[in-house]
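> Could you build the full structure based on these sequences and the hints that come with them?
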Amino acid sequence: GAVVSQHPSRVICKSGTSVKIECRSLDFQATTMFWYRQFPKQSLMLMATSNEGSKATYEQGVEKDKFLINHASLTLSTLTVTSAHPEDSSFYICSARGTSYEQYFGPGTRLTVT
Amino acid sequence: GDSVTQMEGPVTLSEEAFLTINCTYTATGYPSLFWYVQYPGEGLQLLLKATKADDKGSNKGFEATYRKETTSFHLEKGSVQVSDSAVYFCALSAHTSGSRLTFGEGTQLTVNP
Numbered sequence: 001g002a003v004v005s006q007h008p009s010r011v012i013c014k015s016g017t018s019v020k021i022e023c024r025s026l027d028f029q030a031t032t033m034f035w036y037r038q039f040p041k042q043s044l045m046l047m048a049t050s051n052e053g054s055k056a057t058y059e060q061g062v063e064k065d066k067f068l069i070n071h072a073s074l075t076l077s078t079l080t081v082t083s084a085h086p087e088d089s090s091f092y093i094c095s096a097r098g099t100s101y102e103q104y105f106g107p108g109t110r111l112t113v114t
Numbered sequence: 115g116d117s118v119t120q121m122e123g124p125v126t127l128s129e130e131a132f133l134t135i136n137c138t139y140t141a142t143g144y145p146s147l148f149w150y151v152q153y154p155g156e157g158l159q160l161l162l163k164a165t166k167a168d169d170k171g172s173n174k175g176f177e178a179t180y181r182k183e184t185t186s187f188h189l190e191k192g193s194v195q196v197s198d199s200a201v202y203f204c205a206l207s208a209h210t211s212g213s214r215l216t217f218g219e220g221t222q223l224t225v226n227p
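Top to bottom, those sequences are chains X and C. Residue numbering for the first sequence follows the working numbering, beginning at 1 and increasing consecutively. Residue numbering for the second sequence follows the working numbering, beginning at 115 and increasing consecutively.
If you are wondering where the hints come from, they were derived from the structure by calculation, not from laboratory data. One or more of the hints may lead you astray.
No more than 27 Å apart at the CA atoms, straight line, and that leaves these computed lysine-lysine pairs for BS3-like [claimed, not checked]:
| no. | chain 1 | residue 1 | chain 2 | residue 2 |
| --- | --- | --- | --- | --- |
| 1 | X | K41 | X | K14 |
| 2 | C | K163 | X | K41 |
| 3 | C | K163 | C | K191 |
| 4 | X | K41 | C | K166 |
| 5 | X | K41 | C | K191 |
| 6 | C | K182 | C | K163 |
| 7 | X | K66 | X | K20 |
| 8 | X | K20 | X | K64 |
| 9 | X | K55 | X | K66 |
Values in this document were obtained by computation on a predicted structure and should not be read as measured data.
Structure below.
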């Protein structure tokens, strides 16, 4: 149980375009989802926390207009990187939390902006 | 604020060697403590956890004990395998902060046959 999926696993896009990444909780209802960014050989940096049906809470320094987060249902959250640039290339990981405090992580999405 | 400090890596061991990865933390209250493992190109998997002082988390031969007096949660395994090669993250979750996770820097472990 407690499986979280992400789609796509890898994406390459051109500079200036937008990319949407989906995070789904497959076998539980996720009241809260978290989005992280991970640079090579570094730890995870929390970008934002989203609760179903409400606006996401962004961490300091994360541009909310650039990284649009939508948590429209209890099983789906999306991260849209708008007007992507090469510096947005990174590994994006989501996690989901249900009724317990434990977070379950997705497999990650590798974004490359050319 | 909350923070987690892990021993610097990378760590390279021979198969069947003993493993210790140190982790210390700073937090208000009584956080829950976790070890996550990340294999190349993948997300994080929960390895083990402990929710209160003196609890021992264990899984797949790995162990860690929640030591409140030394604010530590060191990861140990008696005999590592090549398949244990991965990055290991220590993390804490303070219930006063909405259960958000604070991660350590990660420790790269390579086990050679």
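> Compare the structure with each hint and give your call.
Against the structure, the hints come out as follows:
1. K41(X) with K14(X): With a Cα-Cα distance of about 25 Å, the restraint between K41(X) and K14(X) holds, given a limit of 27 Å.
2. K163(C) with K41(X): 23 Å, holds
3. K163(C) with K191(C): The hint holds at about 15 Å.
4. K41(X) with K166(C): With Cα atoms ~30 Å apart, K41(X) and K166(C) exceed 27 Å; violated.
5. K41(X) with K191(C): 23 Å, holds
6. K182(C) with K163(C): 14 Å, holds
7. K66(X) with K20(X): Holds, because 12 Å separates the two Cα atoms, which is no more than 27 Å.
8. K20(X) with K64(X): Distance ~14 Å between K20(X) and K64(X) Cα, so the pair holds.
9. K55(X) with K66(X): Measuring from Cα to Cα gives roughly 15 Å; hence the hint holds.
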